[in-house]
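Each residue of the sequence shown is one higher than the last, beginning at 33 in the numbering used here.
Simulated from the structure, these hints should not be mistaken for lab results.
One thing to keep in mind: the hints can contain errors.
Unchecked claim - Simulated DEER-style distance windows between Cβ atoms: (1) F53 with T74: 53 to 59 Å; (2) T72 with S47: 35 to 41 Å; (3) T74 with I54: 30 to 36 Å; (4) L52 with T74: 44 to 50 Å; (5) S39 with Q70: 57 to 63 Å; (6) E75 with M48: 54 to 60 Å; (7) P34 with M56: 34 to 40 Å; (8) M56 with Q35: 34 to 40 Å.
Remember, predicted model here, so these are calculated numbers, not experimental data.
Quick reminder that beta carbons are idealized off the backbone N, C-alpha and C, glycines included.
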Amino acid sequence: MPQLDTSTWFTIITSMLLSLFILMQLKFTKHGLFSQPQPTTTEKQKHVTPWEAKWTKTYLPHSLHLQ
């Protein structure tokens, strides 16, 4: 039975690790870092609704027969 030739394993594993390192570095450089968040104004906007000017009351059918 022939024996397994392991003489090239060190070269193959080293080149694999080097190429993986380079690929990961290229992937990381494509992603931008988060910029500092800018403060925003927290003023609430006034929404105009048609029912704010008049008084309304809702009568439910179940509330009419409370005896």
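Broken hints, by number | Of the numbered hints given earlier, those the structure breaks are 1, 2 and 3, listed in rising order.
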